[in-house]
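Going down the list, the sequences are from chains S and V.
Add 7 to the 1-based position in the first sequence for my numbering, that's all there is to it.
Add 13 to the 1-based position in the second sequence for my numbering, that's all there is to it.
Worth flagging that the hints you see were computed from the coordinates, not collected in a lab.
Misleading hints may appear alongside valid ones.
Derived DEER-like restraints, expressed as beta-carbon distance ranges [unchecked claim]: (1) Tyr493/S with Glu132/V: 30 to 36 Å; (2) Val58/V with Asp128/S: 37 to 43 Å; (3) His280/S with Ala146/V: 35 to 41 Å; (4) Ala127/S with Ala146/V: 48 to 54 Å; (5) Thr15/V with Leu18/S: 24 to 30 Å.
The beta carbon of each residue, even a glycine, is placed where N, CA and C say it ideally should be.
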Amino acid sequence: MTGSQGYVADLPHDDVLHVKLVALDVARARIGRIETSGALAVPGVLAVLTPADLPDPMPRFGPQRRDRPVLAVGETKYHGEPVAAVAAETLDAAEEAAAQVRVAFEELPALHSIEAALAADASLVQDPSLRPGDPCAATNILHDHHYGWGDVEAAAGDAEVVVEGRYDFPMVTQFAIEPHAFMAAPDGDGIVVWSAIQHPYWLQRVVADLLALPLSKVRVIAPDPGGAFGGKQHAKYEPLLAFLARATGRRVRLVLTLEETFQAVRRGASSVHVRSGFRRDGTLVFRDIEADYLIGAYADIADRTVAKGSYTSNGPYRVPNVRIHARSVLSHTVPSTAFRGFGNPQQIWAVESNMNEAAEQLGIDPLDLRLRNLAGPGEAFIPHDTSADGDWAQAVGRAAELIDWGGPRPAGRGRGIAVGLKSGPTTGLSYATVRLLVDGSVVVNAGTSDMGQGARTIFAQIAADELGAPVDWVTVVMGDTAVVPYDQQTSASRSSVLMGNAVLAACRDVQSKVRAMAASAEGVDQAAIVVDRGEVRLPDGRILPIRDAVARGLGRLGGEVMGIGESRKEAEPDHPLGGTSAFYEFNCTAVEVEVDRETGDVALTRHVTVSDVGKALHPGQVRGQDEGAAIMGLGHTLMEHYILDEGGRIRNLGAIDYRIPTTMDLPARMESDAIENADGPGPYGAKGMSEGALLPVSPAVAAAVHDATGVWIRDLPLSPERVWHALQEATAEAADR
Amino acid sequence: MTEPLPIELTVNGRDRRVEVLPHHTLLQALREDLGLTGTKECCLVGECGACTVLVDGRSVDSCLMLAAEADGSVVLTVEGLATGGELSPLQQAFLDTSAAQCGFCIPGQLLSAQALLAEVPHPTRAQIEEGLAGNLCRCAGYEQIIEAVRAAAAGAAEAPAIPPAVGDRAAIPDATVAPQ
């Protein structure tokens, strides 16, 4: 707010070497000789790192497979993959030198569609030697996932109406307004890495592995990211910087351009075929889903997004027979990674569109069709997993009420509705320490990354509430592996729940120590003392503020009371995802649109989004997350997509040619609401909620476009061109009939 | 490299003299030479608005203006909005409406809103949307940002939406039990 918050690029860098990546303007190429003499001749250049300067074999890393090389070796696998890096005293010199690095290369045909990558004669994106023991190693399928229950074949005969379709979702990018920034510096016999990373402790492991250092010699400092959305979960160029810091003995710094972030992170594209069987009354009998995700050249966390997005892809419905088959397909494209919704928006686009088309074919209102099949509270809608942990019909009903679903539509407008469900974290481990200082102020150490979801505020509120300090007397320290205890990661909207519980537990640990102190000071039994909300209640009826009890208990030397909290969600090795869902995110979105038949432009006149949040710990932040996720969903629904040329180069890198929503793209009227039944596993009954409102935006808007025009569109984005063409085709077809 | 040029400008009320390279932008001069890192760098093509500052009262994408062009001008950056340790009404309104999520775009949003309110003290929603159209917020906290500008324009910020602390004590689960 004042400009004083230090993001990575804002940290002091007077004595750094500036790094510039060298990449080829092709997607796939065989790399020949790399000539560095011209670059090294540029004044101020200290190093040009090429694969020859790195250990042989090339060090590789990745959260799921160790397949991503520190620099491209032998072949570039996607547009923008760095083949070398320059380090110089000034950014100007680094840029000039990067342009002087001469790379001999031969462009090779790139596979950048699902069809091409799966063709029988397709070349292999990854050398089979990288995939020892992998039965799919001779194909471009990284992983085949099969989920389901019941018997779809046997149930097919019971279905009176079968509705099917294929739905495609494009490549889109996270586009955090803070481009990724990194620094690394030697630190005695260890190393320090600065990165706006969501998982600092993961990064610590990656760097320790690559440099063969003990964890204690790798310090990751992770200032709050300026937006991340999943794109800053896992290591990207930190390993490269670590090697450069070692090679030069200096602090090195790399700030990506926005264009380079497009070549570092994106969401997986997908093509999903859905076949749903219903009875005439709308009861779902079976669902059969075939999904292909176009992931990139390296796995990153993409295959996990495929798994998690597909496992729950039947949605929040009671369906006795479900078959889900999903494949992660490697390609010569930017490695796809986590992005708000984590593999689910692609499936929800397909399955909820299919539900809306089914409603039309069955002659049942889409709202009623959902209510008929929605799992009730406590219902085991996915066998052997967490049962429905909310009264989801309440959220659906609220959304319908807000948009006046049954009421008359203004002329020329259409309405659509959809729901979204996402599994929360399946495992988790968070530690927190809470220090109650002698004056009653509080320091919380919590390893969450606050990237805008407001975790810092939530933890401060919890500590303030539990220990009776004003909120502005609480300092929350995050983002330094040398200082703050371990946290597994910041993802899956977990932090309010998992780290929140750890902070709460640490506060309760402090309370129990204060109770012991007070008992000793008063000479009474601990059990007779109650510590609650910053108050110490003594058996004689006196009530001391906690700070007085602490000051007295600590005595002349002062000091502090330290509490430790831990929160775990254990792994379950036999579970298809390795663990059940800690909670579900559920959202219902209803929209109203106006379609300009002359231009194909879709304008939202209403957008209603209702999430089941358990408990809104901070209503202003909950609203911000819901409305922000909703508008981000409008981005991939209406305007965002990578445009590739034949060779697989991205043609619309950057802010001019790739549009994200601005204030001019907002719905004319946005309403959000939260359902609060305190039925979540987090503090005070909270659930995670930062992704839900994005999930069902696309199918809701597509249904509204259909309602307004009579046309179903099964590809995203619903750009003016696409909508216009669809309307033209429909008009032509109508004329033919 | 060509020789640096000396320039003089007033930044946040202080007279500053710096030497800048002829091809360096005002954004670079502010961040690298004057250490004012509140002004942010993102797209560098004048599309995202993260680098917005006021130059002689007009909002400018500082990534598109050469530092040398700012010679002799009066520049306001986010660091100059608060006075005497007090947030400006606009900053306070952004806080009160929970308008900031990751915070990275906020300096630019504040300066664009400042320029808008200087020109149109009581803007309509459409005028606010237009006035902030050049400032991308990927957290997409636009609704709350627009509310903040309206609240600042109204002269009195809405009552804080922030409760001092959470707490529905009846609903507190045992924190020592791992969630589900």
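Comparing the hints with the structure gives:
no., hint, in the structure
1, Tyr493/S with Glu132/V: 30 to 36 Å, "51 Å, violated"
2, Val58/V with Asp128/S: 37 to 43 Å, "41 Å, holds"
3, His280/S with Ala146/V: 35 to 41 Å, "39 Å, holds"
4, Ala127/S with Ala146/V: 48 to 54 Å, "50 Å, holds"
5, Thr15/V with Leu18/S: 24 to 30 Å, "29 Å, holds"
The structure does not agree with numbered hint 1 stated previously, though it agrees with all others.
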